[in-house]
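In numbering that gives the first Met the number 0, the protein residues as written are 0 to 89.
These are calculated hints, taken from the structure and not from any lab test. Since we're looking at a predicted model, the values are computed, not measured. Some hints could be false.
[To be verified] Okay, the calculated beta carbon distance ranges per label pair:
no.: 1; residue 1: Arg-88; residue 2: Arg-32; range: 17 to 25 Å
no.: 2; residue 1: Met-0; residue 2: Gly-89; range: 17 to 25 Å
no.: 3; residue 1: Arg-88; residue 2: Arg-4; range: 17 to 25 Å
no.: 4; residue 1: Arg-88; residue 2: Met-0; range: 18 to 26 Å
no.: 5; residue 1: Glu-84; residue 2: Thr-50; range: 15 to 23 Å
no.: 6; residue 1: Arg-32; residue 2: Ala-1; range: 25 to 33 Å
no.: 7; residue 1: Glu-86; residue 2: Met-0; range: 34 to 42 Å
no.: 8; residue 1: Met-0; residue 2: Asp-56; range: 19 to 27 Å
Ideal Cβ positions, reconstructed from N, Cα and C, are used throughout, including at glycine.
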Amino acid sequence: MATLRERQDYRTRVLTALYEATEGNRLLGVPGRKLRNDLRIPEEDLAAACTYLAGEDLITVDWEPGNTPAMVSLTHQGIRRMEAEEEARG
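Let the sequences and hints guide you as you build the complete structure.
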């Protein structure tokens, strides 16, 4: 089971990877399998991160059986959050 710090890190990494892969385009998505492999996040932790982020209305998730993310996309709110973070970094 992931610690709080690990869970927060997974969420941040998922959002960042989505934003970079889609260049902030909410019409594009990333396969869950690619996210898991690229980020090297255990499947159950990726599912938990996606569930949390979807609950915050930052991403949308199409699920496969067994609670596996099939396709993950940023929402408008998710894009706004990532753009604000990018702006803050300068």
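Review point. Is the gap between the beta carbons of Glu-84 and Thr-50 within 15 to 23 Å?
Key: holds (21 Å)
**Study point:** Assessment of proposed distance window 34 to 42 Å (beta carbons of Glu-86, Met-0)
**Key:** holds (35 Å)
Review point. Quick one: are Arg-32 and Ala-1 within 25 to 33 Å, going by C-beta?
Key: Distance hint for Arg-32, Ala-1 is violated at roughly 19 Å.
Exercise for review: Please test the hint of 17 to 25 Å on the beta carbon pair from Arg-88 and Arg-32.
Suggested key: violated (29 Å)
Practice item. Take a look at whether the Cβ-Cβ distance between Met-0 and Asp-56 falls inside 19 to 27 Å. Key: holds (26 Å)
Exercise for review: Using the Cβ atoms, figure out if Met-0 sits within 17 to 25 Å of Gly-89.
Suggested key: Once the Cβ atoms are compared, 37 Å apart, the range 17 to 25 Å for Gly-89 and Met-0 is violated.
Review point. Is it true that Arg-88 and Met-0 lie within 18 to 26 Å of each other by Cβ?
Key: violated (32 Å)
Check your understanding: Is 17 to 25 Å right for how far apart the beta carbons of Arg-88 and Arg-4 are?
Key -> With Cβ atoms ~21 Å apart, the hint holds.
The structure shown violates the earlier hints numbered 1, 2, 4, 6.
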